[in-house]
Amino acid sequence: MTTHEARDRRRYALERELAPHVEETWAEAFILELRLRGVPGPRIADALVEADSHCAESGTPASEAFGDAVEYAASLELPTADEPVGQRLHDVLPMALQVVAVLAATWSMVDARQGGAVEITVGAVVAAVLLAGECAFLSVLVERFFRTVVEHPVRTWFVAMANMGVLVLLMLALDGVIAAVPARPVLAGSLVLMLVGAVWQARHNGTDVEEDLLVAPLATPTALQPSRAHAMALRLQPWFLPVVVLVLTAVFWVLG
Amino acid sequence: MSEDVVWPGEWLRGVLGLCVLRALADGPTYGYAIASRLAAAGLGHVKGGTLYPLLGRLEAAGHVTVEWRQGEGGPGRKYYSLTATGERELVSQAERWLTFSGLTADLVTGPPAAAASPTSTTAELPPPSTTTTTPEVPR
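Chains as they are written, first to last, in our numbering: chain B, -13 to 242; chain H, -4 to 134.
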């Protein structure tokens, strides 16, 4: 097998399994469009398998029988999983907690080593509030956000960088000190929060995977399991950042 | 009439919903079978991209229910069955369609509105057929 074929085999594994009679690129575009619209996984699989069944019996390719994949996906007007705003904000909390904890940990690391105090500036508070607001906003409009990232990746990148630049500028400019807090407790507290956030995220990831897989309509129960690699990746993902931060803290403490 | 005839898209769009309901009236069936039935009836080839969104709308409106069945050695098929609401919709649409198409036929094949002059050329139109307004629709 050439490297091309091996790579395509990995990339289109799902499409080939669900819809062997449909062109892989068509199936991939179809699934992506419905994912961007927030259609639940089983519903996507239902529509794709029906298209596959039609192509198998008619002997025509999907592009001929159904036209453009994105347009066909849109024309189906499938129901979307409209989670309430509260649910979305709740889902993003573990990650938000980890981000705040990591920032606090890195900020307090230097002063903690020397046993000093961490200065909380106006700029830091303003930037933190803005960042929290942006995360909440994006988590509520997550489909729109993903579509923008997919369709305009370069533009999104520039906006993200500019945003970060503004936040850093704010932090540097508004340097009036509100309070000074002993650094060691802050460091210890933020490391604990980071671990709490990781555990919370790990439990979230466990349930999310099962709920929204592309499950074929007549699939047997064994076929419902996500691939072992996928499940493993999801279980380990929340721990990457905490482990990195802990290692850095330890190294810094010893060598600093 | 050959199965390859191509009717104007506007005409087909107008009757497709009704024809699909009628095809479903004979018993639960699946997308490709419906398309074949319509083609065999002389309406031409209905694309999947047109048919399945329509079936989806029928399901959303409560006119059909769906059930997946294992295919014979092939991929599974999604079967559509007409509901009681769907049957009522079929009867009502069929009645109205027959009235509508009867009126259209009468207009198209009827005599010119103004008195015809000896030099005017009126196209040879088919004679008006006698249409009944009570349709024979299976229940």
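Treat the hints with care, as some may be off.
Stated by the list, open to error - Partner residues aside, some chain H positions facing chain B, computed with beta carbon under 7 angstroms:
(1) R17
(2) A20
(3) P23
(4) R32
(5) A36
(6) G39
(7) G43
(8) G51
(9) G57
(10) T60
(11) W63
(12) G71
(13) Y74
(14) R91
To be verified - For each label pair, taking beta carbons as the anchor points, the in silico distance ranges come out as:
(15) G37/H / A(-1)/B: 22 to 32 angstroms
(16) L13/H / E63/B: 45 to 55 angstroms
(17) L102/H / Q73/B: 55 to 65 angstroms
Stated by the list, open to error - Quick partial rundown of chain B residues pointing at chain H, CB under 7 angstroms, derived from the structure:
(18) F52
(19) V56
(20) Y58
(21) E105
(22) A166
(23) P203
Quick caveat, the hints were computed from the structure, so don't treat them as lab data.
Quick reminder that beta carbons are idealized off the backbone N, C-alpha and C, glycines included.
Go through the numbered hints given earlier and state which of them the structure violates, listing their numbers in rising order. 1, 2, 3, 4, 5, 6, 9, 10, 13, 14, 15, 16, 19, 21 and 22
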